[in-house]
Amino acid sequence: MQHLGIASIILPLLVGAIMIPLEDQKGHWRAALGITSTVLLLAIAITLAWQAHLGGGGEGLVSVYRLGNWPAIFGIVLVVDRLSALMLVLTAVLGLSSLVFSLARWQRMGAHFHALFQFQLMGLNGAFLTGDLFNLFVFFEVLLAASYGLALHGSGVARVKAGLHYIAINLAASLLFLIGVSMIYGVAGTLNMADLAARIPEIPLENRPLLEAGAGILGLAFLVKAGMWPLGFWLPRTYSAVSPPAAAIFSMMSKVGVYAILRLSLLLFSNDAGDSVGFGGTWILAGGILTIGFGAVSVLATQDLSRLAGASVLISSGTLLAAVGAEQVAVTSGALFYLATSALSIGALFLLIELLERGRDVGADVLAVTLEAFGDGDDDDDDETDEIGVAIPATMAVLGLSFLCCALLLAGLPPLSGFVAKFAMLSGILNPEGLGGRVASVSPGGWALLVALVLSGLATVLAMTRAGIRSLWATSSRSVPRVGVIEIAPVLLLLSLCVGMTIGAGPMLRYTHAAAEALHAPRDYIRNVIGQNP
Amino acid sequence: MELILALAIGVLGGSGVWLLMRPRTFQLIIGLSLLSYAVNLFIFSMGRFPVGAPPVLAPGTSGDPAVFADPLPQALVLTAIVIGFATTALFLVVMLAARGLTGGDHVDGKGRGS
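Residue numbers (UniProt numbering), protein chains in the order written: chain A, 1 to 534; chain B, 1 to 114.
The shape of chain A in the complex, shown without the other chains (with noise of 0.2 Å):
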C-alpha cells in the first residue's frame, strides 16, 4: 500500500511507453490499455485520498514516500496529503472521461495519442505529488512535453498557429521557472520544499531580497501556466483551437499552476517565514480580480462557444488566485470546493460544445451575434409559429439539460455545487471565524474579490445564455447532431459528479475545510518530510 504514491507515476509511464512500439492498426489494443491505465489511476487516487482523509486516526495523514529511502533532504520525496490526493482524484476522472469521449472519432485523428494522453497523465500526477522544486520543473516539463503533442493533435491550420504561440510561451516560462529556482538554491542551499520552508525563517536580512525575488520569478512561471492577466492572453485562444479531449485535460493543466501557487505561497511564506510572511499574497490577490475582470469581459464579448469556454477557464482561473492571495482559512476550503467544482464542468462544457457544433456552419455564431447586434436576427420567426408542439429530439434535450446544467456550474447559481463553491467563498471572505462568530471587518481586498465574484457570475449567466440560446433554440436551419452514448456519457459523468458534490457538500467541504487547515499550518507537513530520518 506504500507504494501507491509512486504507482500514480510510474503506470502511466509504463503504458504509455509500451503503446508507442505497439503494432497496432485498428487501435483497440492501445485504447483498451488507455482505459485500463486510467481507471486504476482513479482507483489509486481515490484510495490515497482516502488514507489522507482517513488515515492516522482519524487525524489525516501525510505520507511520505521517500525514492530509495534517501533522507528526505537529499533523495527525492513524494508527498501526499489532502489536496494533493484530490487533485490526483480530479485528474483521473477527468482523464477518464475525456479517454472515453476520444474512443468515438477524436484519436484516430493523429498518431500517438493514448501514448501522449498517459504522459500527460504522468506528468499531473507527479507535479501534484513531488515534494522537490526541481523535481516539480521536471514534472512541469513532462506535463508540457505530452501537451504540445496533444495541443497539436488532429492538426489544421489553427491548431498549428496556436500551438506554435502556446508552445513559445511555454518554453519562456519554464526558463522563468528554472531562473527561480536556481536563485532560491543559490540563497537557502536546498530546493526540497519542507527543507526550504524550514531554513526560510533564518535566511539573514541581508540575502532576503535575493530569495523573494527568486521566489517571484518563479511565481511568474506558475502564473503563466494559471492565465492570470496580463500573462493569459495565449490561454483562450489555445484552448478553443485543440480538440475537445486535449482541452477537458488541459482545464487540468491550468489549475496546475494554481496547485503550485497555492502550495509553495502558503507553506514557504507561512507564519513562521520571519520577515517573509505572506510574500506576494496582496499581488496575487489583485492579479486574480484583474483575472476575474479580463475573463469576465472576454466572456462577454466572445461570439463563440469554445472562445466562452477559454475564457471561463480565465474566470476560474482568477477566481481561485484570488482566494489564494486573500489566505483566510475559509476562503482556501472554499476555493478548493470550486477548483473541483469548475475542474469538472469546464471539462464538461468543452465536451459538450464539440457535440453541439457538430453539424452546423463554421461562423454560425459569429454570424448570428452580429444579426442580433444589428437588430436584423429573427425575422423568420414569423413562419414557423404554425408549428407549436413539435417534438424536441431525446438527443437536443440531453444536450441542453446538459448546457444549463453547465451554465449553472460555471455561473455558480443554486441549486448545484457551483452555488455552494461561490457560497462557501463569500461567507467566508465575510466571516472569517464561521457564521455566528465575531462580526470582523472585511478588508478592502476582501470587498474586490465579493465583488469580482457576483458581476463575474453575472457575466458568465449573460454570456451562457445567449450562447445557449443561438445553439439549442436558435430556428436556423440545422440537423440534429449525431451523437454517440460513448459520447454523451462522459460529459453526463462529470454532470452528475458535480450533482454529487452538491448532495454530499457537507463531507466535501469537511475535507476541503481539513486540507485548507493543513495548508494554513504547515508544520506537520514540513515534520512529516523531514522528520522520521532512517
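Please keep in mind that the hints were generated in silico from the structure rather than gathered at the bench. Any given hint could be a false lead.
[What the hints assert, rightly or not] Beta-carbon label-pair distances, calculated as ranges: (1) B:56 to A:489: 53 to 59 Å; (2) A:206 to B:14: 23 to 29 Å; (3) A:482 to B:17: 46 to 52 Å; (4) A:206 to B:50: 18 to 24 Å.
Even for Gly, the Cβ is constructed at its ideal location relative to N, Cα and C.
Fit chain B to the supplied structure of chain A, relying on the hints for placement.
Below, chain B alone, put in the same frame as chain A:
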C-alpha cells in the same frame, strides 16, 4: 571571473530577449536557445566559483564543503540542458509544420517573409 560570467549571461540573455520579440519564427527559436544558454550559465553560477575544485570526494578524504564544488547545480544544469534540447527540437518541428501550412515564417502566420 564573476564579472566575465555576469557579462556573458547578460549579453546572452539580452540578445535572447530581443530576438524573442521579433516576428519571425527563426529569430524566435534562436532567441529561445540563447536565453536557455544564459539560464544554464546562471544556474551554474548559483553554485559559487570554487576554481579547480572537484565536485566529488577524492579517495581517502572526508567532507569539507569548502574544498569541493557544489555538485547539485551541475546536476541541475545537466537536466536543464537535456530538457531544453528536447523541447527546442520539438519546437523546430512545429515551426516547420507551421511554415508548411501557412506558407510563411511569421509567428502569426501572416504574409510571406519580407
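Outcome of the hint check:
1. B:56 to A:489: 53 to 59 Å: holds, 57 Å
2. A:206 to B:14: 23 to 29 Å: Holds: the Cβ-Cβ distance is about 27 Å, inside 23 to 29 Å.
3. A:482 to B:17: 46 to 52 Å: For residue 17 of chain B against residue 482 of chain A, whose Cβ atoms are near 50 Å apart, the range 46 to 52 Å holds.
4. A:206 to B:50: 18 to 24 Å: Distance hint for residue 206 of chain A, residue 50 of chain B holds at roughly 22 Å.
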